[in-house]
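S.K.: Each residue of the sequence shown is one higher than the one before, starting from 1 at the first, in full-length UniProt numbering.
Because the hints were derived from the structure by calculation, they are not lab data. Errors might be hidden in some of the hints.
[Stated by the list, open to error] Below 30 Å or equal to it, Euclidean Cα-Cα: the simulated DSSO-like pairs (lysine-lysine) are:
id : residue 1 : residue 2
1  : Lys-114   : Lys-187
2  : Lys-754   : Lys-900
3  : Lys-876   : Lys-942
4  : Lys-1076  : Lys-994
5  : Lys-664   : Lys-697
6  : Lys-297   : Lys-921
7  : Lys-872   : Lys-921
8  : Lys-483   : Lys-503
9  : Lys-695   : Lys-942
10 : Lys-849   : Lys-822
11 : Lys-380   : Lys-921
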Amino acid sequence: MSSTGFVQIDAATSGIHFSNNIVENDTLNYFDFPYLYLGAGVSVGDINNDGLPDLYFTGNLVPNKLYLNKGGLQFEDISESAGVSGDDRWYSGTTMVDINHDGYLDIYLSVSGKFGNTANQLFINNGNNTFRESAQSYGIADTGASIQSTFFDYDNDGLLDLFVANYPNVMVSMGNKYYKDKMDENKFEDSGHLYKNQGNGKFVDVTVEAGVQNFGLTLGLVATDFNNDGYVDLYLSNDFNVPDYLYQNNGDGTFKEISQKATRHTSMFGMGIDAADFNNDGYTDLLQVDMTPADYKRSKTNMASMNPESFYEAVELGFNYQYMQNSLQLNNGPNRGGEPIFSDIARFAGMATTDWSWGALFADFDNDGHKDVFVSNGVKRDVNNNDVNASYDSATFFGRESNPDFNLMPSTPIANFAFQNNGDFSFSNVTKDWGLEQKGFSNGFAYTDLDGDGDLDLVINNMDGAATIAVNQTQKTGNHYLKVALKGQDQNLMGLGAKVMVKCGESIQQQELTLSRGYQSSVEPLLHFGLGSKNQVEEIKIFWPNGKLQIVQNIAVDQAIEIEYNDNSPLASETKEDHPLPFEDITDSSKIDFLHEEDFYNDYAFEPLLPHKNSQLGPALTVGDINADGLEDVFVGNAAGSPPAMYLQKENGEFEMLSGPWDKELDLEDTGALLFDADGDSDLDLYVVSGGNSKLKPKEFYQDRLYINTPKGFTKASSSLPKITSSGQTVVSADYDNDGDMDLFVGGRIVPGKYPFPAQSYLLRNDGGIDQALRYTDVTADIVPELQDAGLVTSALWDDFNNDGNIDLIITGEWMPIRFFKNMGHKFEEVTQNLGFEKSRGWWYALQKMDVDADGDMDYLAGNLGLNYKYKASDKAPFEVYANDFDENGSMDIVLSYEKYGTKLPLRGRECSSQQVPAIKQRFKTFESFANADLMDIYGEKMLEQSLHYTVQTFAHQWIENRGDGTYAMHSLPNRAQFSSINSFQEIDYNGDKYPDVVVAGNLYQSEVETPRNDSSVGLVMIGGPQGFKLVEPDKSGLMITGDVRNTAIIKLANKKTNGLLFAINNDSLKIKEVK
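Sequences are here, hints too, so could you generate the full structure?
M.R.: Below you can see the structure in the form of structure tokens.
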């Protein structure tokens, strides 16, 4: 077992005397130059080919430094003699490359700054530890405000091209319209620039022709092949409101910007980024850092609240969904169009908040075969301190002074972060365990094996502090490694863009050689693979940029090897096997053309601290053969103002729309639906649940509807249903009283405008009658009174869970346990506690029954919020809600709370909380005083005790094992299933064995704007077995369903003799996939 730790080497020992010191004064400070604290970078590379990595640091106001590695962790400063100290330019990013393919690394520098010369520089290595500046002669003396640059072969012609990422000196925090105007204006000098290598020592600007001219505030840049098509793509991480750019390489010398197709959301203040395959599935993932503190107090004092109007304005302007947190974008593989589909799993991974972070790198620091993460942190001054900014704004009668005192802003050194990859999509914070908890202001950094002992060390460029040399002690514990250097073709000797795959038994790792990574920095042209206990590498595959595949076998571990390009290798495409995908989208060929269109309702106008909107819970979906032709048909509901649709299936597999009385009720919200035989006449009738969250609507608005199927078509039942006033979401049928007809359970979802008060649910007894004579009676109060205030019900099912011949009822919902009601024949008795489910409170959204382990009894699947959300819960630290009229103004207020280190704290900050309870701002005059208060201090112990109060113990999805003896065991679903909320389960047979398989779908798009929406599900296939489920990765199944999936249904397809899977997606089109 590895026990990793770092030891820092001081300057006196190493000889590295570098500190990126800045000067603050009346003419150079944050208010005159807000980019003062962006810092500088470091490059690692062997500039004299002696086998030892050398170090180059850039400085903003100090000379750049080149340190020659003399061995034994001793370095010599040769900056002056080498001619690379630079001049008075404001140097930012640095990258090394052999630009003239002479076998020696050259240095390319990005230049920014407030004034002076901003032309980038290129130092050509003369081969004798001296350099000559040649950017102008090469045609790459870019004069934009450059942050970092990367060399890559974008057109696969064997020549290394260059992309320069720029960050123009525009005003900060200017709002959506300002940045949109800049994007529309799209000045050439405000864009990043692409330079094509002509092959003659000259580069030419092809920014416009290649399609990459866009206004950007780019702090992070990486060049890598995200969709495995053999062409290198570009990702640009942009600051402030400007959306990120993912330039997908078209393979013809042009790029297509696809960031909003590839990602569901990104970080708001995009900083540095890195790309690597951290979960070893063969696809390159992306890590992007932002600036939200993990510390509660710092988050409440240094982070502004998100304005919902501004947030949605940005979305409308095309800025994507952006949130103030880090993003760990898991690559699910490409869709049918070849676009990579990412899921942000930063919350699940435990890396969402790392304070004001500048850069991140994936690297296997403990050599266990899983890539870990290091994050650099710290801004020289807390420029976002809310109290200081408030004092600036109130400095004079007219507001802020023209030249505020920058010294009022605190300067708070903070630690960097180290995360150990657990191999299960999660990471552990090991900053302190690994000896990396020293505080400071760290910017650019790189990893390398400085002492040649087989583990990766860290080199960090710090602002106003000595550079950090952190030496890794992992190799003393015995984990193995392999270093791979490439010798490529003549004009790309380092093999940039090549992919190397290393196989050790069942373990397969892949890395792509790209050097500019993290933040303003570059790593050496060497690939480092940790191998854990594996003592032999069976096979190495090298995928060269020209498409050739080279294979080397049986390689010893614990060494550095160089693999030289072999032109006799076959093309990789000649060895590739194509596998048909089990799911195929047939929406277009089915002629289903349905769009769910949400009407606008601002839930937050009446309930400002809602955790999510409750007005967008549709569409409803149900399947059945309504005309007895042997073909299954589909009903899909819509939002208020838009028509629902009934589709009849035809013999040729196409669907056509059927008109009905539902077409006349466009003002209603269809959130649940059921096709069933209500009146016992052997045809299917339609029940539609009415939902919504408008407190302005009369109770009659929420009356459910029953459409009776008659020989003359459907008619609306005029008096079959009793009065129903709940806003609902679910309806299920069963003959609970064994009288031969279908009774109903109807779940109450919410009390409009009064979240989280329990809604009324209903047990409706079928009293017989055909067509308009049919009558249902509300027997809830007599038969199962607990349902009158059961909770916020989202899902229900009927099942005889005790095998006594009487059908029982299971329900669940938000803030609810999974509740079991035993049918006693004449009444229902709740047995939730008897069965051990009293502590199963969660935000449950789906229930499904199936015999998971094929042992002859019925098990259950329960879909929850998932473990990739901002909210966390456990038995010891539950997530909680309180509802009361805290300010006694006649309206109900809600408070969300969580526990940290034994203290109950409010989820929301001072600004948001005082919008609901204005007295909070008066009682807590500063953000710091609010941050120092706990929940009791803010709301009062007595008032909290008198409040409606719910807790959640788990947000994990579960399968519930029926042990067959009247007891149950709950098992969490596999980690990949926990990446978003699950709203639906559908049983399928994926592999033809005796165990049922499942398709899961979900997401929760309507989160309040300070909480990243739950959007990481792309649908998932789970293969059943005796111990539960194993997962099929999305690229293997071809499922790839994005969007806010509210309901799914299986339908038999007429012309294919297969099943189809319907996906009803909020505010999106209805989709159907054939299950082959």
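S.K.: Assess, step by step, whether the Cα of Lys-483 is no farther than 30 Å from the Cα of Lys-503, and give holds or violated.
M.R.: 14 Å, holds
S.K.: With the threshold set at 30 Å, check whether the alpha-carbon distance from Lys-849 to Lys-822 stays at or below it.
M.R.: Distance ~16 Å between Lys-849 and Lys-822 Cα, so the pair holds.
S.K.: Given the hint that Lys-664 pairs with Lys-697, test it: the Cα-Cα distance must not exceed 30 Å.
M.R.: 19 Å, holds
S.K.: Taking only the CA atoms, is the gap from Lys-1076 to Lys-994 under or equal to 30 Å?
M.R.: 18 Å, holds
S.K.: Check the hint pairing Lys-114 with Lys-187 against an upper bound of 30 Å on the C-alpha distance.
M.R.: 19 Å, holds
S.K.: Within 30 Å, alpha carbon to alpha carbon, are Lys-297 and Lys-921?
M.R.: 17 Å, holds
S.K.: Between the alpha carbons of Lys-872 and Lys-921, is the straight-line distance 30 Å or under?
M.R.: Between Lys-872 and Lys-921 the Cα gap is close to 27 Å, so the pair holds against 30 Å.
S.K.: What's the verdict on Lys-876 and Lys-942, does the C-alpha distance respect the 30 Å limit or exceed it?
M.R.: Holds, at about 23 Å.
S.K.: Between Lys-754 and Lys-900, is the straight-line Cα distance small enough, at 30 Å or below?
M.R.: 28 Å, holds
S.K.: Do the alpha carbons of Lys-380 and Lys-921 lie within 30 Å of each other, as the hint requires?
M.R.: Satisfied, since the Cα-Cα distance of roughly 29 Å is no more than 30 Å.
S.K.: So if I understand the rule, the pair passes when the alpha-carbon distance is 30 Å or less; does Lys-695 with Lys-942 pass?
M.R.: Given that 30 Å is the threshold and the Cα spacing comes to 29 Å, the pair holds.
Violated hints for the displayed structure: none, as all numbered hints are satisfied.
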